[in-house]
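Starting from the given sequences, assemble the full structure and let the hints guide the process.
For reference, the chains in residue letters:
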Amino acid sequence: MAEIRAEEQTLAISKTFLIKPKLKPKARTLPQTPESKYWSSFKSTQIPNLVSSISSLSFSPSPPHPFAAAYYASVSLFSPLSLSDGNVSPSSTISSFSDVVSSISFRSDGLLLAASDLSGLVQVFDVKTRTPLRRLRSHTRPVRFVKYPVLDKLHLLSGGDDAVVKFWDVAGESVVLDLTGHKDYVRCGDCSPVSSDLFVTGSYDHTVKVWDVRVEDSRSVLEVNHGKPVEDVIYLPSGGLIATAGGNSVKIWDLIGGGRMVHSMESHNKTVTSICVGRIRKENCGDESMEDRILSVGLDGYMKVFDYGNMRVTHSMRFPAPLMSVDFSPDCRTRVIGTSNGIIFAGRRKGKENVESGGGWNVLGFESISEPERRGLRPTHFRYFHRGQSEKPVEGDYLVMRNKKVKLAEHDKLLKKFRHKDALVSVLNKKSRENVVAVMEELVTRKKLLKCVSNLDADELGLLLMFLSKNATMPRYSSLLMGLTGKVIEMRAEDIRSSDPLKGHIRNLKRSIEEELRIQHSLQEIQGIISPLLRIAGRR
Amino acid sequence: MMMRGGRSLVSSPPAFSNDAKKLLVCTSNTVSVFSTATGLQITSLEGHTALVTSVVVVPPSSPAAKVLCYCWTASLDGTIRYWDFSVPELMKTIDIRVPIFNMVIPSFLDIPAEDKGKHRDLFAYVFTEDTKETQEKTKALRRQIRKCNLSKSRLVGRLILGETKKPEVLTVSPSGKFFGIRNKCKLRIWKVPDQGSEHAAVRKITLHHTKKITVIAFHPTQRVIAAGDVTGRILTWRGFGNIAFAGNNGVEKQKLINIQEDKPGVRDNDDADSCTTWHWHSAEVNVLSFSSDGAYLYSGGKEGVLVVWQLDTGKKKFLPRIGSPLLYFIDSPDPTLSAISCADNQIHLLKMPSMGILKTISGIKTPCCCPEMCKGLGNGIAFDQTAGLVALRTENYCIQFYSLFDDRGISEVQVCERNHQPGDDVTVIVTAVALSVDGSLMSTSEVKLAEEGIGGLVCLKFWQAGSQNKEFSLSTIVYEPHRDAGISAVTFHPSGNMVVSSSFGGDFKIWRCNNDIIQSDQMHQNFSWTCHAVGSYKKRPMTAAAFSADGSVLAVAAETLITLWNPYKNVLLAVLGDTLTPIVNLSFLGKSDNLAAASCGSNPQLSVWSMSKLSLSWSYKLRIEAVASAVDSSSFAALALLPESSSETTFKGRDGVILLYNATNPVPTAIWSVKKAMGGALGFLQVNPSSVEEVDGKTPEVLLAYMNGDHEYVVFDPYCKDAHEVSISQKEGLSALELKGQGGQYGYASIYGELPEFSEKRPETPWVPSFPSERPWETIFSGSSHNLPPLTNLCSAFLESLLEKRTAAVE
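Chains A and B are the protein sequences, given in the same order.
One point on numbering: in this note's numbering, the residue at position 33 of the first sequence is 115, and numbering is uninterrupted.
One point on numbering: in this note's numbering, the residue at position 709 of the second sequence is 699, and numbering is uninterrupted.
Simulated from the structure, these hints should not be mistaken for lab results.
Watch out, some of these pointers could steer you wrong.
[Stated by the list, open to error] Only pairs whose alpha carbons sit at most 20 Å apart, straight line, appear in this in silico EDC-like list of lysine to aspartate or glutamate:
#1 A/LYS102 with B/GLU436
#2 A/LYS530 with B/ASP415
#3 B/LYS82 with B/ASP67
#4 A/LYS104 with B/GLU436
#5 A/LYS104 with B/ASP474
#6 A/LYS97 with B/GLU402
#7 A/LYS569 with B/GLU442
#8 A/LYS529 with B/GLU442
#9 A/LYS104 with B/GLU407
#10 A/LYS106 with B/GLU470
#11 A/LYS503 with B/ASP414
#12 A/LYS529 with B/GLU407
#13 A/LYS503 with A/ASP539
#14 A/LYS529 with B/GLU436
#15 A/LYS106 with B/GLU407
#16 A/LYS495 with B/GLU407
#17 A/LYS498 with B/ASP414
#18 B/LYS341 with B/ASP321
#19 A/LYS499 with B/ASP415
#20 A/LYS489 with A/ASP504
#21 A/LYS498 with B/GLU407
#22 A/LYS106 with B/GLU436
#23 A/LYS489 with B/GLU407
#24 A/LYS530 with B/GLU442
#25 A/LYS533 with B/GLU442
#26 A/LYS108 with B/GLU470
#27 A/LYS533 with B/ASP415
#28 B/LYS438 with A/GLU523
#29 B/LYS307 with B/GLU274
#30 A/LYS530 with B/ASP414
#31 B/LYS202 with B/ASP258
#32 A/LYS102 with B/GLU407
#33 A/LYS530 with B/GLU407
#34 A/LYS97 with B/GLU461
#35 A/LYS97 with B/GLU407
#36 A/LYS529 with B/ASP415
#37 A/LYS104 with B/GLU470
Keep in mind it's a predicted model, so treat the numbers as computed, not measured.
Pasting the structure below:
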């Protein structure tokens, strides 16, 4: 860094102290952690008027990561780039559905979109042309979820109210496997990020089952019991852990360890409806690293960020409606939350627009492209001698610091010149009562306040009385101002009697003091009622 | 071993060395040499046995001789010494056997260059006290100006230039031709005789004024003299002594010319051409000095403002708000450097045309005067045991941190954001200062006095130290912590995260620290203090408070009673009763289970209470000024003021004794008698082996620091039997430092000979336990209201108390 040097090595012999009001007690709020700073840095945009509950949200895995929202009988695609400009209208809408769309999923290359609806139909669309390419009909009851596997472009997973999980061959529109085992509606599922054969489904029968297509008799490989109807289940990026949401809790399970519960997060007050994986960019000691978090939303209107490495909730955010769905973009720049009343809260973080996201989502890993470092100007360069005032210091420069000039308010200047009355009048003309009281206190320490009061002319006395009538009963200032009020009336009784406007001020003063007396009386009454009770309680 | 310090740096004007790289400062018996570049002490000239009153640096006779470092010093011990202060080495001692109040050496200022080869006698003019002729002469005129031949090491016999009642300051002109003194409303100016013969007649003139003159200054080149008076006027006489000093027959001429010439402003036919008056200062002028080129006049006084007058036009420039009365202004040979000495024991080195402070040589600040109503609130001195620092309140609303081992000021903390104006009424007072054991936290309380009953304010402030250098920053302010009642004591818990403040309003509060560690660019701890508990005992004023060494017990003095509390749960544990007068000082004695309480008033008392027995173990009727206990031993030291009668006879002006006790034994293990004990303080310091030199191959365990009322201090090993005498050297101390080998025994015999008469020692009385278990309902509600015990506990205790119960004492 540039070295900082003071302009002069001498110290001023005298310091100038400003007249400052007394400090107010601060509310003891927790300081913002870097993590909550990160989460609140998503600049929120509302996408309103989407008719009904947002049942599902999904980001395209390919940049620039447009996202699709399913609401009522239509699916809309939004571009996150337009969010930054404040444009909230969808870029395209697919509405060839006969019933409410329940779930949507992008293929891993982002070219196809699968959507399921409550009529039991699963459709596959071309994202660009919005034409339905395949219609997969086999479910007898409403389909609740559909999911493309992460590493597989040919198959599709779906589940519904008929308690059957189906594994589809998309090209042939045929069911490869019927996985039966759930005893109630299947509500959710996810495919393993590390294997194309493994996936999990969650059902209202409280269980989450892990399936493997390679298993012969279509039985589940593993089963964990969440204890509540399961609303959502996701694989965590490692592929070894899953997170389930149901009831008020989000539970994390270790699949490799045989379905052991690792942790249960129970900070929501109402049912958790949706969870997804979010990422945070941690910067410690210069090098960046990404850490995964679980974002969960619930009917209580809260979004919670759960650090499953440290097993604690690191951030929580409130929204004004029950939340139904959440998703987080693979480039870590957008998070969208859908509510039950048709509003999408989309948050977008500032960043380089054209960053080549290698897809942190990719298993291959994220490689940041190092930028060439900008070099500072050297004295060998011609432009070095044409630098202006706004030039930033470079390493090795000596910084000559100018002593900061103390800014004096008008009353400070007057007090410095010992013009006490003028200082009082000037601060009374300003509208800050803290400063008025501060100047009065300073005058008290100089033993000049009463002298000032006796020197005020009629107009200035009116100012003072107006101030007193407004503020004398305020508890913060009353200890000084009540005493002063008494002194002022005592000292300037003659002037007040002879002037009508001053009399008006006195009337106001009287009124406010009567009001205060009434309050004090009623408080005393309450105290009178309470204190015998307290005494009896103490005696017992 | 013994360490002295805290001496006044401003008892006499300092002097710059010829290269302006060193500053010679008279510090009581020694002359300290400071570096002007760093502001730190380089060395000291030790040898005088009384206060050094003057230091005169020998000016260079040629530019090449600038590096020579010779000086003359004069002292009240009657000697004039010649030093090489670069080494430092004593070269010569002249004993004239009369105390010297002041010395000037005008002759070497005007040695012509060609005279260098010739040896000439060097004369000094000294202000002495005539000790011999006291009986014969009137006592009034005992101070004399005499001439001293430094080359031949003797006073010039029977040559008395002038006599005054009080010792005055001799001022010599920069040219070395004149010197003068002020004497009430008159100025006396002598002309230094040209040839250095001994008995050459010295001619003098007198200038008159109507007010008392306080300070005079000679112009460097012209015959101009300036004088300041008590009302703040500055008078400038031009062309003084034109007649008297002109030729040989001046006396006749004077009479002739007087009639003819018009002399504006000159009084009484004084020998001057004109006299002009400037008036800016509102109080007396203490500092007058011409700049070396003679174009400017510097003046300063009680207001603490340095005024620069342009001599020809009378235009003024100011250096305001220095915060303390100015005492001396010294120009250095380097034109960009000068020094001002302030009454608060600071010497500021100024960068000259801009008048910014380059460095401050910071002595210990003088005690500040308090209005009467705030007396007895403690002396505002706190010791930092580990670092060997003392924190003391100063007049400009600061807390000064002073290193006892290094004998220099470390830093200052501005407690109230106000500028101090000397001479103003004191309306804001820092009443208490407390440091945590590790010295990283500080708590101060201040009082703003009300103006005719309105606007009074009590503030409690908590401070935290920065990473280094005792840079304290404010962490919490509490306005009116005990409503409008004043704070009597503030004490830190040994762990440092708890503070108790007791008030005269009848309650005490326990404050706890919540530290949030903010992880910004570096680790930064942010402390905030909140009230944890409030306690009171029968609405009595709480006068003192102390924590036990392990922090488990809090003792709060409720006037004459001592209440013991659990500070964590705020439960009253026990009440110890009754001293005769209110307790002002409480102190747990190290790790032992004893508590020392000092009470003042008409029946002063030092009492030691046993915590295990909850009873008084012993007590003395002594006026205790301060009590200090070592952290890890059971001994404690008390500073007691002697009664007036005994101090005059047996202690030779010493008004206090330090008594070192073992807690269990009422017989003191050691006694030292001290001077100026009023307002003194005591503190044990932990020994840092690197900072203390070893004595006889072993380092002392703890050191005891005693600071007297003038903030001079001495640090010594209380268990070392050799250094038994603590005699704080002082400004007016004419008597030499005598060392009495067995002073302790002497003092003990003199005071405690009649020990049985006034001792309230009651070792045999069966102690009455005032433990609350017998009648719990009496004490149980004396605690804080929010902390009532649960009903189940109360019920059982109450029912048990109704039943006849065999007490523990019967067993």
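Hints, one by one, checked against the model:
1. Of the supplied pair hints, the one linking A/LYS102 and B/GLU436 holds, its CA atoms being roughly 17 Å apart against a limit of 20 Å.
2. Simply put, A/LYS530 and B/ASP415 have alpha-carbon atoms about 12 Å apart, close enough for the 20 Å limit, and the pair holds.
3. About 15 Å separates the Cα atoms of B/LYS82 and B/ASP67, which keeps this hinted pair within 20 Å; it holds.
4. Restraint check for A/LYS104 and B/GLU436: the C-alpha separation of about 14 Å stays at or below 20 Å, so the hint holds.
5. In summary, the hint linking A/LYS104 to B/ASP474 is supported, as the alpha carbons are separated by about 16 Å, within the 20 Å threshold.
6. Restraint check: the Cα-Cα separation between A/LYS97 and B/GLU402 comes to about 13 Å, which is no more than 20 Å; the hinted pair holds.
7. For the hint pairing A/LYS569 with B/GLU442, the CA-to-CA distance comes to about 9 Å; that is within 20 Å, so the pair holds.
8. For the hint linking A/LYS529 to B/GLU442, the alpha-carbon distance of about 9 Å falls within 20 Å, and the restraint holds.
9. With a CA separation close to 12 Å, the supplied pair A/LYS104 and B/GLU407 stays within the 20 Å bound.
10. Restraint check for A/LYS106 and B/GLU470: satisfied, since their Cα atoms lie roughly 13 Å apart, inside the 20 Å limit.
11. Restraint check: the Cα-Cα separation between A/LYS503 and B/ASP414 comes to about 19 Å, which is no more than 20 Å; the hinted pair holds.
12. Taken as a hint, the A/LYS529 and B/GLU407 pair is honoured in the structure, with Cα atoms around 17 Å apart against an allowance of 20 Å.
13. Proximity of A/LYS503 to A/ASP539 is assessed by CA-CA distance (about 10 Å); at most 20 Å being required, the pair is judged to hold.
14. A distance of roughly 17 Å separates the Cα atoms of A/LYS529 and B/GLU436; the hinted pair therefore holds under the 20 Å criterion.
15. Distance hint between A/LYS106 and B/GLU407 is fulfilled; the C-alpha atoms sit about 17 Å from each other, no more than 20 Å.
16. For the given pair, A/LYS495 sits about 16 Å from B/GLU407 by alpha-carbon distance, which is consistent with the 20 Å threshold.
17. Of the supplied pair hints, the one linking A/LYS498 and B/ASP414 holds, its CA atoms being roughly 15 Å apart against a limit of 20 Å.
18. Under the criterion of a C-alpha separation no larger than 20 Å, the hint pairing B/LYS341 with B/ASP321 is consistent with the structure, at around 11 Å.
19. With a C-alpha separation of about 18 Å, the suggested pairing of A/LYS499 with B/ASP415 holds against the 20 Å cut-off.
20. A threshold of 20 Å between alpha carbons decides the hint, and for A/LYS489 with A/ASP504 the separation of about 19 Å falls inside it, so the pair holds.
21. Note on A/LYS498 and B/GLU407: the hinted pairing holds, with a Cα-Cα distance of about 14 Å set against a maximum of 20 Å.
22. With a CA separation close to 18 Å, the supplied pair A/LYS106 and B/GLU436 stays within the 20 Å bound.
23. With a C-alpha separation of about 16 Å, the suggested pairing of A/LYS489 with B/GLU407 holds against the 20 Å cut-off.
24. Between A/LYS530 and B/GLU442 the alpha-carbon distance is near 11 Å, which keeps this suggested pair within the 20 Å criterion.
25. Between A/LYS533 and B/GLU442, the direct Cα distance comes to roughly 11 Å. Compliance with the 20 Å bound is thereby established for this hinted pair.
26. Restraint check for A/LYS108 and B/GLU470: the C-alpha separation of about 17 Å stays at or below 20 Å, so the hint holds.
27. For the proposed pair A/LYS533 and B/ASP415, the alpha carbon gap of about 16 Å is at most 20 Å, so the pair holds.
28. For a cut-off of 20 Å, the pair hint linking B/LYS438 to A/GLU523 stands: about 9 Å separates their Cα positions.
29. Annotation: proposed proximity of B/LYS307 to B/GLU274 holds, straight-line Cα distance about 19 Å (limit 20 Å).
30. Of the pairs offered as hints, the one joining A/LYS530 and B/ASP414 holds, with about 12 Å between alpha carbons and a cut-off of 20 Å not exceeded.
31. A C-alpha spacing of about 16 Å is found between B/LYS202 and B/ASP258, which places the hinted pair at or below 20 Å, so the restraint holds.
32. A threshold of 20 Å between alpha carbons decides the hint, and for A/LYS102 with B/GLU407 the separation of about 9 Å falls inside it, so the pair holds.
33. At most 20 Å may separate the alpha-carbon atoms for a hinted pair to count; A/LYS530 and B/GLU407 meet this at roughly 18 Å.
34. About 17 Å separates the Cα atoms of A/LYS97 and B/GLU461, which keeps this hinted pair within 20 Å; it holds.
35. Straight-line distance between C-alpha atoms of A/LYS97 and B/GLU407 comes to about 9 Å, which keeps the hinted pair within the 20 Å bound.
36. Among the hinted pairs, A/LYS529 with B/ASP415 is consistent with the structure: their alpha-carbon atoms are about 9 Å apart, no more than 20 Å.
37. Distance hint between A/LYS104 and B/GLU470 is fulfilled; the C-alpha atoms sit about 12 Å from each other, no more than 20 Å.
In summary, the structure agrees with every hint in the numbered list given earlier.
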